[in-house]
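Here is how the chains run, residue by residue.
Number of protein chains: 2
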Amino acid sequence: MKNYTIKEILEKGKTIALQEVTVQGWVRAFRSNRFIALNDGSTIKNIQIVVDFESFDEELLKKISTAASLKVRGEIVESQGAGQEIEVIAKTIEILGEANPDEIQATILQPKQHSLEKLREQAHLRFRTNTFAAIMRVRNSLMFAIHQYFNEQGFVYVNTPIITGSDAEGAGEMFSVTSLDMDNLPKDEEGKVDYSKDFFGKHTNLTVSGQLNGEVAAMGLGKIYTFGPTFRAENSNTTRHLAEFWMIEPEMAFYNLDMNMDLAEDLLKYVIRYALKNCPDDMQFLAERFDKEQTQKPANERSELSLMDRLDYVLNNQFIRLTYTEAIDILMKSKHNQKGKFQYPVEGWGTDLQSEHERYLVEKHFKTPVILFDYPAEIKAFYMRLNEDGKTVRAMDILFPGIGEIVGGSQREERLDVLDQKIEQFGIHAEDMWWYRDTRRFGTVPHSGFGLGLERLVLFVTGMGNIRDVIPFPRTPKNAEF
Amino acid sequence: MKNYTIKEILEKGKTIALQEVTVQGWVRAFRSNRFIALNDGSTIKNIQIVVDFESFDEELLKKISTAASLKVRGEIVESQGAGQEIEVIAKTIEILGEANPDEIQATILQPKQHSLEKLREQAHLRFRTNTFAAIMRVRNSLMFAIHQYFNEQGFVYVNTPIITGSDAEGAGEMFSVTSLDMDNLPKDEEGKVDYSKDFFGKHTNLTVSGQLNGEVAAMGLGKIYTFGPTFRAENSNTTRHLAEFWMIEPEMAFYNLDMNMDLAEDLLKYVIRYALKNCPDDMQFLAERFDKEQTQKPANERSELSLMDRLDYVLNNQFIRLTYTEAIDILMKSKHNQKGKFQYPVEGWGTDLQSEHERYLVEKHFKTPVILFDYPAEIKAFYMRLNEDGKTVRAMDILFPGIGEIVGGSQREERLDVLDQKIEQFGIHAEDMWWYRDTRRFGTVPHSGFGLGLERLVLFVTGMGNIRDVIPFPRTPKNAEF
Chain A
1 MKNYTIKEIL EKGKTIALQE VTVQGWVRAF RSNRFIALND GSTIKNIQIV VDFESFDEEL
61 LKKISTAASL KVRGEIVESQ GAGQEIEVIA KTIEILGEAN PDEIQATILQ PKQHSLEKLR
121 EQAHLRFRTN TFAAIMRVRN SLMFAIHQYF NEQGFVYVNT PIITGSDAEG AGEMFSVTSL
181 DMDNLPKDEE GKVDYSKDFF GKHTNLTVSG QLNGEVAAMG LGKIYTFGPT FRAENSNTTR
241 HLAEFWMIEP EMAFYNLDMN MDLAEDLLKY VIRYALKNCP DDMQFLAERF DKEQTQKPAN
301 ERSELSLMDR LDYVLNNQFI RLTYTEAIDI LMKSKHNQKG KFQYPVEGWG TDLQSEHERY
361 LVEKHFKTPV ILFDYPAEIK AFYMRLNEDG KTVRAMDILF PGIGEIVGGS QREERLDVLD
421 QKIEQFGIHA EDMWWYRDTR RFGTVPHSGF GLGLERLVLF VTGMGNIRDV IPFPRTPKNA
481 EF
Chain B
1 MKNYTIKEIL EKGKTIALQE VTVQGWVRAF RSNRFIALND GSTIKNIQIV VDFESFDEEL
61 LKKISTAASL KVRGEIVESQ GAGQEIEVIA KTIEILGEAN PDEIQATILQ PKQHSLEKLR
121 EQAHLRFRTN TFAAIMRVRN SLMFAIHQYF NEQGFVYVNT PIITGSDAEG AGEMFSVTSL
181 DMDNLPKDEE GKVDYSKDFF GKHTNLTVSG QLNGEVAAMG LGKIYTFGPT FRAENSNTTR
241 HLAEFWMIEP EMAFYNLDMN MDLAEDLLKY VIRYALKNCP DDMQFLAERF DKEQTQKPAN
301 ERSELSLMDR LDYVLNNQFI RLTYTEAIDI LMKSKHNQKG KFQYPVEGWG TDLQSEHERY
361 LVEKHFKTPV ILFDYPAEIK AFYMRLNEDG KTVRAMDILF PGIGEIVGGS QREERLDVLD
421 QKIEQFGIHA EDMWWYRDTR RFGTVPHSGF GLGLERLVLF VTGMGNIRDV IPFPRTPKNA
481 EF
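Protein sequence lines, in the order shown, are assigned to chains A and B.
Our numbering puts the first residue of the first sequence at 1, with every later residue one more than the last.
Our numbering puts the first residue of the second sequence at 1, with every later residue one more than the last.
Think of the hints as simulated: they come from the structure by calculation, not from any bench.
Be careful, since some hints might not be right.
A pair counts as met if it fits within one copy or between any two copies, since identical chains are not told apart.
[Unchecked claim] Derived PhoX-like pairs (lysine-lysine); straight-line CA-CA distance at most 25 Å: (1) K45 - K187; (2) K269 - K2; (3) K45 - K12; (4) K297 - K341; (5) K478 - K62; (6) K192 - K202; (7) K12 - K367; (8) K339 - K63; (9) K478 - K364.
Since the structure is predicted, the reported quantities are computational estimates derived from the model, not experimental observations.
With the rest of the complex left out, here is chain A (with noise of 0.2 Å):
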């Protein structure tokens, strides 16, 4: 006899009606010792087993608490109550496992609301919470949607290296990797660490971008993407960052700029509409859960749309597309900064924008996306493809109402001189970059990409607030357990 999930049987429970099933879960809970909510982590809802007490021995009902796991044997019927299609008549009953009602007290599975940093202190039971398995399942039918989307769209799926002997894309601070005995390590004459003993040979460290080796790919295989872990060194204790993140970065040769912002727009539709029609349950529960905590703010912190208004709002306007330039004009000429309501006060044209002033285009402004381009070159990287006006690069970010920032890509610079001059003033050691500088020696081609945080994604999604909550074990300063 096949196990069928739970979800499964909720689904087909009407056509397997009447049927003999076996199902297995955790107790979500036991009602007068008659109905069981039974849990498998593959729904968020429970299925309900109905069990005739006089059938059962007494030592064996006891047993059957809250995170206890069964397996019961059971006939499908349509429910008589409310809540459900069907319910599951327990002929036999088996503990898996006990949870003894005396030690869950002390953790999250003892049944009431929890906090979420609570939650977060027992990363390895909050798989068990309605909250933290929905995020989860809709985390992975994100993750599922761009392996797709970039499928379907001819894209080849390359893994970059996580261990890198390169720091030249110098986007913060990185961990360094070794395998030398760290108590006692070889020196040189200089008295510094004598890395050519290292496993590599030399000094490695963590990748903090797979940017640059996804452009060298890219330079063969016409379009490519990247989906891996990235690192970050920098010690940030906010509700945004994470010391180690999935990033997706898709890098397409013949691209140009406009090409690489219909490719960001359209991939952020695809995988959002994804996510709304195949967690429907899910994202029922996390739609609820937003709106309720809003109630629960004071009014000028309170989100205007709710969390379904909210998506359906990206997946049904084009976003707004214009430049650096335009949106310093807007912000300077806002009351918001004439009153002087800006943390930082936006000053003039050059000046780096803060999350406020991204929040303030997109909430207040334009209440809609924001594709933000043609960045000031001193302020982007030095890969940025320089234009005409020779003071402007090729970049461009899209913003998001509640979370700022989620995609930063550009239009690379093709053209070696050009290349090579952005290489030394940004004071990068040429001879290190040998194997980059070589796709624009051989056959260079106009090329672009952006990167894509995936947490970033799942925040504004399921409207979660933490990114410690969208990631099973988040990695923090002065935090790696599990």
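Got chain A; can you put chain B on it based on the hints?
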């Protein structure tokens, strides 16, 4: 006008024939000042561009050399020549990037046969070679098939942490991760490194397996899989080892070992079938390469089957399942063993099987993939479920011809008392395992899982002999270039 990829043009060519198209790509060859073979990485096939040299500037024609990049506008017509159905009559040609013929002499871009070793040294350029691009497209296809398979089966993709504070699995030597200044390490009173000052407040490593975290996730979500990079700081310079490689680790609540073996066999067949169906041109190319390579080997080292036959054989036969005990019996009685032909003679029950023994079983004795199970507890990990005999565990390894172990898995020990005994026997700090043990305290359930090494799978499907040739940027001892 939409920019079609060369793959799209070749596929749709007949239906869009006699229309104007834009084609972009890199020159693979330019024959008789008339026929350009252009490739853009979307397919192994080149598109033929026909140039009427009298209509173009001589200076421009001179720049059309191997490895240069072009943008061609022209008309699709049915080809008069053999080898292709359609070709493009060039109307305009734009040189996107030149490739100086003198400079490419030193690279693998020059048009001649290069050794795989030479390709590795220029890993940044090998994406433009037929062999490596074909491998990358097949690898992509296998990866997508893996995601699609698990998605269809209701698994949740879970990202387990790369940076870990636990080293309990003990699967091998680990890399340390630190944000400390290694030239000026803070020391404690005993002169040891003071990790309380490190980013995570303790010593951390790169993960060797996501299994323990995956188990925890499955204890709430039911069926999960991981798919990410894993690391070994082992100084193994072989054709089978990488310091950084990608692993797929499914973990299923309520699965016993038989169900685990069924799943692994089904997955392997699904993904191989998918790659064959979705990469027919690349697979044909790689099959021809493999078969040609075999003819150049000494007779006793040749594969008995062609690549395609080997893959078909895996698809069309049930994997043989036998216990370790039965395998030892076969090996002990084999003439091979009795004549002393094994480097490590099989001396009796309890011996850890060497690669030569596994290959004997697969390639000589059964001539089909083999699943060995029920291994001696002593030679397997602490988390594997102890059998009733008290001396074997519910482990299983899947052995493939030419590759050896491609999958290793087990039913996990779900009984807390037995697990605790094992933890003690193996000298693991029980306090470090508090979160893992918790899953056995609160509603423990039978569960199983396995690990599949992506690169070994790609090796098998592509018929390549060296694992460095199936990953974009290999990480091996003394090598973290690019």
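Against the structure, the hints:
1. K45 - K187: Answer is neither: 60 Å inside a copy and 53 Å across each miss the 25 Å cutoff.
2. K269 - K2: between (37 Å within a copy, 21 Å between copies)
3. K45 - K12: within (14 Å within a copy, 46 Å between copies)
4. K297 - K341: within (21 Å within a copy, 76 Å between copies)
5. K478 - K62: neither (42 Å within a copy, 61 Å between copies)
6. K192 - K202: This pair counts as both: shortest intra-copy Cα distance 13 Å, inter-copy 23 Å.
7. K12 - K367: Intra 42 Å, inter 42 Å, cutoff 25 Å: neither.
8. K339 - K63: Neither: 65 Å inside a copy, 60 Å across copies.
9. K478 - K364: neither (36 Å within a copy, 54 Å between copies)
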